[in-house]
Amino acid sequence: MRDSLLTVRDFSVVYDVDPPVEAVKNVTLELHRGEILGLAGESGCGKTTLAYGVQRLLKAPAVITSGSVVFHDSSGEDIEVDRLDAEQMRQFRWDKISMVFQGAMNALNPVATIGSQLEDVFEVHRPTMSRAERREAVVELLEIVKVGRQRRRSFPHELSGGMRQRVMIAMALALRPQLMIMDEPTTALDVLVQREILQQISQLRHEFGFTVVFITHDLPLLLEISDRIAIMREGEIVELDTAERIWTSPRDDYTKTLLSSFPRLTGERGVVVR
Amino acid sequence: MTVLEFDRVTKIYSVRGAGQIKALDDVSFTLTSGQTIGLVGQSGSGKSTIAKILTQLETPTSGQVRLDGEPIPRRGAGLRAYRQKLRMVFQDPFASLNPYHSVRYHLERPLRLDAVVPKAALEDEVRRLLERVRLEPETVIDRRPHELSGGQRQRVAIARALASRPLLLVADEPVSMLDVSIRLGVLNLLADLRREEGLGVLYITHDLATARHFSDEIMVLNQGRVVESGPADDVILRPQDPYTRELRAASPDPEKHFASVSGQHGGVL
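The listed protein sequences correspond, in order, to chains A and B. The first sequence begins at 3 in our numbering and counts up by one. The second sequence begins at 1397 in our numbering and counts up by one.
For the record, the hints were derived by calculation from the structure and aren't laboratory data. Hints should not be assumed to be uniformly reliable.
[Said to hold, decoys possible] To be clear about the criterion: a stretch of chain B counts as covered by chain A if any three or more of its residues have a C-beta under 8 Å from a C-beta of chain A, and this derived list gives those stretches:
id : segment
1  : 1461 to 1472
2  : 1508 to 1522
3  : 1641 to 1655
[To be verified] Negatives, chain A to chain B, calculated, CB over 12 Å:
id : residue
4  : Asp-12
5  : Asp-80
6  : Pro-179
Note that beta-carbon positions come from the ideal geometry of N, C-alpha and C, so glycine has one too.
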């Protein structure tokens, strides 16, 4: 059995509105250390709610009604995420699990420079760092994601969509987390920029060895980049398997429907029928 | 048979501080009724500038656009008559429909403005339009946009475009904001309309796979220039231009991926 990074058991989230919406229903999931897990599904299927839920990022009316989340830290310690108090939770987030948010292109503060927003991360999570050390760390991050140090004084609107996305990735990378959750990180970008960003994520992963949960509705993209893929529908994971088996021998009808929603780029004209 | 000619069109924008930007550089193509042309290229390649010039929201710096041999009128009744013949479907069905108005209003308005049918026949025509886009008139006619799904909204937007009985449709990323499982449905609808009613469609997208699937011809735009054009399968399967090859290589293609890794998985990241 592979080394486990995150164990999610029987996890449920309900939006307590009238009538209540069961957004995530009894999800059980074992995330392997070092893998890329693709989480696919359509709007409203609960994929973002699940990702937020495991980090306790949900706000009312969302209520976690059942389940446990255990983070197997690289130190060997098992962290029960649901047992952390507010201060422990604050320290845990971003340090162990970071996130590249959906619509990241608009997730940056428009009236603060890139550099100061990246420095914030260190100011909050690494209070012992001096100002000079923080500056240095920010410069290093901007170089790592190939945005360049000279951009630390730029405001978000002065950067292209692809560059802003790189800044978001730099921010997620800042504390060298063990898990990075990416929620539709390339959806608003065109294919060429998307490919550049994917290659960058790949390099960073080789360099820093973090695990990735990649959330998107773009199944062809997931099939290329993921080790395993979880297909979500109406709050449930209907199928979870290696990318190759999802592609060659999907078992669930909904997985088959999703596959047949994408016309083929090459090969015979038409859609994939399984 | 309607023929739209885009003849050696160049569009230059003057931008303060950045000098002149050539958004389109000597672009020519012909769109005939019953034909779908896929227009592909990355952000900033000039795709939307073509749509703006076709709808006369922008005028070309040089070159000419002609419909059946006649240059597009710049203003007045002539321009209105032209716009009746060429309609747009926009990317975002959440933004392109007015949240205060019902589906009925959205479809009656172009019918009234262009006096397509006599007043007494409005209701029937609205119902007919809804049926054409495969919506059930009874269930949607009195609803407002927020009560409809994304796919239903885009169908209403298409019905609205069809109201003035156009000959040509310009569809700018018509499905990119929709859920994946309903995208093909909307694209199939456009394909049916083309087949059944001989509509000419300019399908603007950066999705090479659907461009291939739904277009007779594909035109690849890079920095305002047409770098490659031809039958869809030729352009996608046997691209000649380096930029087209780059676009194709960047597009997800599980088929090729699993053929090349044969047995291993997760090879790309």
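We went through each hint and held it up to the structure:
no.	hint	verdict
1	1461 to 1472	violated (count 0)
2	1508 to 1522	violated (count 0)
3	1641 to 1655	holds (count 13)
4	Asp-12	28 Å, holds
5	Asp-80	26 Å, holds
6	Pro-179	17 Å, holds
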